[in-house]
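Protein sequence lines correspond, in order, to chains A and H. Take any residue in the first sequence, count from 1 to its spot, add 647: that is its number in this note's numbering. Take any residue in the second sequence, count from 1 to its spot, add 16: that is its number in this note's numbering.
Simulated from the structure, these hints should not be mistaken for lab results. Check before you lean on any hint, since a few could be wrong.
A partial selection of chain A residues facing chain H, derived with a Cβ cut-off under 10 Å [what the hints assert, rightly or not]:
| no. | residue |
| --- | --- |
| 1 | I702 |
| 2 | Q703 |
| 3 | E708 |
| 4 | A727 |
| 5 | T848 |
| 6 | N854 |
| 7 | T863 |
Straight-line alpha carbon distances no greater than 30 Å define the calculated DSS-like cross-link-like pairs of lysine-lysine that follow [to be verified]:
| no. | chain 1 | residue 1 | chain 2 | residue 2 |
| --- | --- | --- | --- | --- |
| 8 | A | K844 | H | K112 |
| 9 | H | K109 | A | K844 |
| 10 | H | K109 | A | K689 |
| 11 | H | K112 | A | K689 |
| 12 | H | K61 | A | K844 |
| 13 | H | K107 | A | K668 |
| 14 | A | K844 | H | K107 |
| 15 | H | K272 | H | K222 |
| 16 | A | K844 | A | K668 |
| 17 | H | K109 | A | K668 |
Using C-beta positions, here's what the derived DEER-type ranges look like [to be verified]:
| no. | chain 1 | residue 1 | chain 2 | residue 2 | range |
| --- | --- | --- | --- | --- | --- |
| 18 | A | L846 | H | G327 | 46 to 54 Å |
| 19 | H | G118 | A | K890 | 43 to 51 Å |
| 20 | A | M648 | H | E116 | 43 to 51 Å |
Being a predicted model, the structure only gives us computed values, none of them experimental. From the three backbone atoms N, C-alpha and C, an ideal C-beta is built for every residue, glycine too.
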Amino acid sequence: MEYKPIRKVVSGNYAAAYAVKHARVEVVAAYPITPQTSIIEKIAEFIANDEIENIQYVPVESEHSAMAASIGASATGARAFTATSAQGLALMHEMLHWAAGARLPIVMVDVNRAMAPPWSVWDDQTDSLSQRDTGWMQFYAENNQEVYDGVLMAFKIAETVNLPAMVIESAFILSHTYDVVEMIPQELVDEFLPPRKPLYTLTDFDNPISVGALGTPSDYYEFRYKLAKAMEDAKKVIHEVGKEFGERFGRDYSQMIELYRTEDADFVFMGMGSLMGTVKQAVDLLREEGYKVGAAKVRWFRPFPSEELYELAKNVQAIAVLDRNFSFGQEGILFNEAKGALYNTDAKPLMKNYIVGLGGRDFTVNDVRKIAENMKAIIDKGELDVEVDWYHLKR
Amino acid sequence: MEIPENVKKRLSIPADEHFYAGHTACQGCGASLGLRYVLKTYGKKTIFTIPACCSTIIAGAWPYSTLDAPLFHTAFETTGAVMSGVEAALKVKGYKVKGEDGVMVVGWAGDGGTADIGLQALSGFLERGHDALYIMYDNEAYMNTGIQRSGSTPYGAWTTNTPGGKKHFLEKRHKKKVIDIVIAHEIPYAATASVAYPEDFIRKLKKARDTPGPSFIQLFAPCPTGWRSPTDKSIELARLAVQTAYFPLFEYENGKYKINMPSPKKEPKPIEEFLKYQGRFKYMTKEDIEILQQWVNHEWEKLKKLAEIFG
Ligand SMILES: Cc1ncc(C[n+]2csc(CCOP(=O)(O)OP(=O)(O)O)c2C)c(N)n1
Ligand code: SF4
Chain A
648 MEYKPIRKVV SGNYAAAYAV KHARVEVVAA YPITPQTSII EKIAEFIAND
698 EIENIQYVPV ESEHSAMAAS IGASATGARA FTATSAQGLA LMHEMLHWAA
748 GARLPIVMVD VNRAMAPPWS VWDDQTDSLS QRDTGWMQFY AENNQEVYDG
798 VLMAFKIAET VNLPAMVIES AFILSHTYDV VEMIPQELVD EFLPPRKPLY
848 TLTDFDNPIS VGALGTPSDY YEFRYKLAKA MEDAKKVIHE VGKEFGERFG
898 RDYSQMIELY RTEDADFVFM GMGSLMGTVK QAVDLLREEG YKVGAAKVRW
948 FRPFPSEELY ELAKNVQAIA VLDRNFSFGQ EGILFNEAKG ALYNTDAKPL
998 MKNYIVGLGG RDFTVNDVRK IAENMKAIID KGELDVEVDW YHLKR
Chain H
17 MEIPENVKKR LSIPADEHFY AGHTACQGCG ASLGLRYVLK TYGKKTIFTI
67 PACCSTIIAG AWPYSTLDAP LFHTAFETTG AVMSGVEAAL KVKGYKVKGE
117 DGVMVVGWAG DGGTADIGLQ ALSGFLERGH DALYIMYDNE AYMNTGIQRS
167 GSTPYGAWTT NTPGGKKHFL EKRHKKKVID IVIAHEIPYA ATASVAYPED
217 FIRKLKKARD TPGPSFIQLF APCPTGWRSP TDKSIELARL AVQTAYFPLF
267 EYENGKYKIN MPSPKKEPKP IEEFLKYQGR FKYMTKEDIE ILQQWVNHEW
317 EKLKKLAEIF G
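All chains should be modelled from the sequences, with the hints used to inform the complete structure.
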C-alpha cells in the first residue's frame, strides 16, 4: 500500500491519543492531571464511540495505581499505555522502577510540567528528568508530529528491547496547541508495529513463572547489568527503527541527536523538546546575520547519545546548553550529562549552561539571539564568564 | 502416597497440592497454610499478585517459587491496582475470568498492605468492579519488617513500634474493621475466614470464584513469631478467635449478612481464652482486658443486628 498521510489539525495531546489508537493499545489505565488530561479523555471518547475495539480502559484512583495497573496488564501480555504529568509522574516514581525492572515495554506520555511548590501548570522538564535513573527510555518531542511519531516508535523500540519508554511533550506549548499532524493509515501502522510478542506472560499456566521475586546478592547485580545492557542495545534499535520510520513515512529519526545547520557551525545550541523549534528558527535568522551557528536537538535522553554528541562536539568551538530544568546543588541536567559524556574524549568545546524557561517562562527567538551574542563574546575571549547562567532572572 | 480417586472425591479439602514444600515460612505460620488452601482450591489457572509482606519471602527467592501458579511480586501498596491490570489484560486477550473453568485473579496481601498503605488501591479495585478476588491475610501486624503495628493490630497488643513499657503500652486503638470498609463498597461477595476452619474457607473461596465481580476475603492467620505464641498453638488460637467472637466468621452476599460462627444463639467464650499463649498481650491488666472485651461485645452485637436485619 502506498503511503498517503492523513493530515489532521490536532493538539499535541490529541496527537498522542491518535497514536495510541493506531498502535492498537490494549489496556489504558490513567488518572487526570492538567495538562495531560485531554489525552485520556480523547482515548475514552474513541472507546465510547467504538472507534477503538478490543481495549480495556481502567480509570484508576491515582497515578501510582495507573502505573501499577499498566504493569499488571503488561505482565499479562497486553500492550499498555498511560499518560501523566509532573506531580502524577512523581507519584508514579516507585512503580517506574518496577516497570523497568520487570522489563515491561509500557509506553507513557509525560506532559512536561513544572513541579510544585509554587503551583505551576506550565512547561518545565524537571519532572521527567527526575525519573532519569528509573530505567525508562526518554524521547523528547519538539512538536505535535513528533508526539505522534514518537509514541508509535516508542512501542516498537520498547517491545524490542523490553524496556518501558516515555514520550515527552511540553505543557500547553504542545499539549494544547493545534498544529497539522500527518497521520499514518492504520494498515501501514499495523505493518510497522505488529502485535506485541511479550518476553514472558503470566498466562503460561503450564510453566508458571514468578516475576519480581527476592533477588539475593548473588543474583541482583546481574539483573541490573542486563537492564544496563538492554539500555545500551536500545541505541542500535532506536537507530534502526528511526531509519525504518523514515524510509516508510518520510520522517527520519535514525539520529538520537537531530542536527540542524551544524556542518560548518562555530558553535551550536543544544537542548530538548519544544524550545528547539524556537532555536531552529533563530538559527535561520542568525545565519542571515552572519553567525555561523547550528542547533543540536537531543531527541533521546535515555539512553544518552554520547557517541553522537562526541561527533558533534569535536567539530565545534562551543556549545550553549539550554536547560529547561535544574538539578539543585549542581546545574542544568542536560549540561551535566553532556559534560560528563565528553570528559574522557578529546573533544573539549567551551560549554556554557543557560537555564531557561522554567515554569513556562517565555523563551523566544530574541532570547536565542542574546545568547548567541554572549556565546560569541565567550569564544572571542576563549573563556567562560559564568558556567551556569540563570538567563531570565529579574536582576 | 497417592490418594485413590474415589477417596479424593469424598474429601472436602482438595487433595491437590500446588504449594511446594521447602518454602521459608516460620513454623506454625497461618499465612502459608492459607496460601496452600487457596492453591488447592483454584489450582494452576490462578494469577497471583503478592505485594511486599511475609508472603514475598514465603513464595521464595529468585529463581525459585513455592507456588505452582504464575505470580507477580509487586510494590507494597499496589495489590488492588496490579490485579486490576491483570484482569483487564485477560479480558482484552479473550480469557474467561472467574468461574470454575476461568482464570482466577488473586491478590494476596497482608493486613498492613491492605488496611494501611494499600487501602486506596483496594478501594479502587472494589469500586471499579473487577472480576477478581482480594485476600487479606490478617496476622494483625507488619511481620515482614519485624512486627510493627498495622491498622489491624488489636487494642493492647505489643509490637516493636508500639511496645509495652513499665507503666503502659502504646497500642491504645482498636482493630480497624477493614471488612466493614470493604462492604461499604457494596460488592457482590465479602467474607471473613480462618485457617482453623479450612472447609469453611474453601467453600468461601469457591463462592468468590463463582460470583462475578470483585470479592474479598479477610483470612485470620496467626503468626507465632509476631504474637509471641508457641508454634503448635496457631490453629487453636485461630479457633479461639472465632469462638470468642473476636474474629467472627460471616459472609456478606449481595447485601445480605450471614454469620457462620460462632452461633449467634450461643454466648461466645470470654476474650481471655484467646489472649492466652500470646506474649504480645502480656502487658494487659484486668481493666485492659475488659476494654477489649467491651469492644468485642459491641462489634459482635452490631454484626448480629446486621445479620438479623439484612439476613
Ligand atoms: C512503600 C513501602 N514502604 C515500606 C515497605 C516496607 N515493608 C515491606 S513489608 C512491610 C510490612 C508488611 O506487613 P503486612 O502487609 O501486614 O504483611 P506481613 O509482613 O505481616 O505478612 C513493610 C512495612 C515497603 N516494602 N514499601
Ligand atoms: S513472621 Fe509470622 S506471618 Fe511471617 S512467616 Fe513467620 S509466622 Fe508467617
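Hints and how they fare:
1. I702: holds (7 Å)
2. Q703: holds (4 Å)
3. E708: With a closest approach of 4 Å, the E708 (chain A) hint holds.
4. A727: With a minimum Cβ separation of about 7 Å from chain H (threshold 10 Å), the hint on A727 (chain A) holds.
5. T848: holds (8 Å)
6. N854: holds (9 Å)
7. T863: Nearest chain H Cβ about 5 Å off; hint holds.
8. A:K844 - H:K112: holds (21 Å)
9. H:K109 - A:K844: holds (13 Å)
10. H:K109 - A:K689: holds (23 Å)
11. H:K112 - A:K689: holds (29 Å)
12. H:K61 - A:K844: holds (21 Å)
13. H:K107 - A:K668: Measuring from Cα to Cα gives roughly 18 Å; hence the hint holds.
14. A:K844 - H:K107: holds (17 Å)
15. H:K272 - H:K222: holds (18 Å)
16. A:K844 - A:K668: holds (18 Å)
17. H:K109 - A:K668: holds (17 Å)
18. A:L846 - H:G327: 46 to 54 Å: Between L846 (chain A) and G327 (chain H), where Cβ atoms are some 51 Å apart, the hint holds.
19. H:G118 - A:K890: 43 to 51 Å: holds (45 Å)
20. A:M648 - H:E116: 43 to 51 Å: holds (46 Å)
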